[in-house]
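Chains as they are written, first to last, in UniProt numbering: chain A, 1 to 243; chain B, 1 to 392.
No lab work stands behind these hints: they were computed from the structure.
Be careful, since some hints might not be right.
If the Cβ cut is set under 8 Å, some of the chain B residues that face chain A in the computed set are [stated by the list, open to error]:
1. 338
2. 349
3. 358
4. 374
Ideal Cβ positions, reconstructed from N, Cα and C, are used throughout, including at glycine.
Here are the chains, one letter per residue:
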Amino acid sequence: MSTGNDSRKKRTWVVPAVLVAVAVLLVGTVIVSALGGTGSTGAAEPSAPAEPAPTRVEGLQLSEAERHDPEDLLAAGPVDAPVTLVVFSDYQCPFCARWSEETLPLMMEHVDAGDLRIEWRDVNVFGPASERAARASYAAARQGAFWEYHDALFEGGHKRSEAQLSEEALTALAEELGLDPDQFSEDMASEQTAEQIATNEQLGLGLGAYSTPMFVLGGQPIVGAQPSPVFQEAFDQALAAAE
Amino acid sequence: MSRGPHILAILTAVLVALTGCAGAAPEPVRDPHPADGPLPVVDTSALRPPTPFTGLRMVDPGWSVAPQYADGVFLAPAAREDLQRFTAVDVQGEVRWVAERPADSTGFAVTADADGRALAVLTDVHRPAGVASDKVTATAYELATGDPVWGPVEVPGPHAGPGLVFARSSDDSARTSGTRTVLDPTTGRVLASESGTSGQRVLGEYHGTVLVTDDRTLTALNATGGQELWQIPLAEHGRVRTAIHPSGAAAAAEGLALLEAEHSPGLLIDLRKGSILNETARDAAVDPGTGTVVVLDEAGLHATRDGQHLWSLPVTDDTRLAALGGALVYLREGGAVRVHNVITGEVADAYTPAMAGTILVPARITADGAAVFTEGPRHLLATLVPEPGASG
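Generate coordinates for the entire structure from the input sequences, incorporating the hints supplied.
What follows is the structure in structure tokens.
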């Protein structure tokens, strides 16, 4: 049973408690109002939190595409050549075929002179037939015939049709070039080849080479099968910069 | 002696004291009026904008939130001296008008009336004496001039969006199942409102098109008059949960609406055709120059123009669509920015390699080449005016 004293004791904390509660409520209201907070009447279009500025621009650190791996089977020229050209290509890309016919021989002259290293990367953006051709070219490379096989796939500056990139057709081409067809088939189907092709593809896509051909010459991008003089000029500048 | 009056006196004193501590808020000048002077020009020597925007005069309107845009004019508020100061700025960097509201009236929307005239709709909060809840009103002004168009009209609560959707806040004790109301942009009259009985839900207003939904049908209404434009059955997608704001804001993806449904977390709708463009979209934008639509979804980034697929490319989970304009799409991935040509998909060389400074990524690009950049808390506007001494 409550006594009068008990009742007074309760009242002694009731008043300050009410005051504190009201004060907290009011202070909170004032703070929200002062901050322009959303509260119950504020905006429903809050600004996104401030986002830090990017620290890098992707697509400009293209020299990362250069591998300089002496074991790279899809390369030509000295590992330590003063200039490196990385080619992102696809065996179903007609512009890649044209570039291989018109400009690659010019670039190979610089390879022969020891001034340029070419590193080939198949990005296979055109799909399974491209990826199959890439595996075939790698299998040819394992028999030391990458560039011959590559040239045959782009013979006359034209790409092959999808039917001409079937497994049978690709093996037949290897045989025409004097390669061991059994070894070729085994290498073409091997896990190691698949891994290498996937690695090259991801390298290209990771650098933004989503359309072909794309090139990195001396660390600078060249997009599309531009005329040979464009490549010659870029090579000259890169060589001069390296010397 | 009774303690009641004593307690009341103490409470009154506390109220007065606290109110006094907060200081009396200045009375806002609500009607649009000219600015006091030109906007401050930003020193860009330590900034690194994309090449298309170098050499342009950049101004800082002081906006505290991302601006909305239509017909050559940007609008956003800034918190100033216990007020919200809305500033309408054109692509030349000239202030068209300013208007003020109380500090907690930050709601606003840019939309268009039946004639295609761009409107700015600002909300206002009133606290009538003796009334428990606030009264919220909306007033429309011509965006380009600040001339009044309609209002103030009472709305059920703060601006909720997208577009002219207003709603009671969720903590409102009087909340019922139907709380969202959408206004006719041309008249300010209520066009549609949710009710507890019909099951109709208001999703958003997109520059003259209103989307409503029941459990199984998505319906588009003409915002002027409310005529039905089209319907999409939602049998495969379940109930639409909400309308999502793409990062590029509604007008950046004009003609598109992004919705979240039970079985399609990113339902991208073509508002003109009434068709579903994508069912897993995370974001989308339209290049005002080329008409190219770029969609970011679970499979990657895709571009289409006139309904024809242009290209697709894989992206990482943290890739975001920052802005689209000038035939370039700007992507952010963690601490990096990457730019692609929207026609070819090729990586574009959009930043001058030799340039130093804070890398700026556009948040909004207009058809004529002005842009908004967010730099820390600032929302800077790259105008169409060349910097002094710049060529061109």
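* Proposed interface contact between residue 358/B and chain A, which counts if any beta carbon pair is under 8 Å -> Hint holds; residue 358/B Cβ to chain A Cβ min 5 Å, cut 8 Å.
* **Closest C-beta approach of residue 338/B to chain A relative to 8 Å, hint status** => 4 Å, holds
* To do: Verify the interface restraint on residue 374/B: the C-beta must sit less than 8 Å from at least one C-beta of chain A.
  => 7 Å, holds
* Asked: Under the criterion of a CB-CB separation shorter than 8 Å, is residue 349/B in contact with chain A as hinted?
  -> This interface hint holds because 7 Å falls under the 8 Å limit.
In terms of the numbered hints stated before, the structure departs from none.
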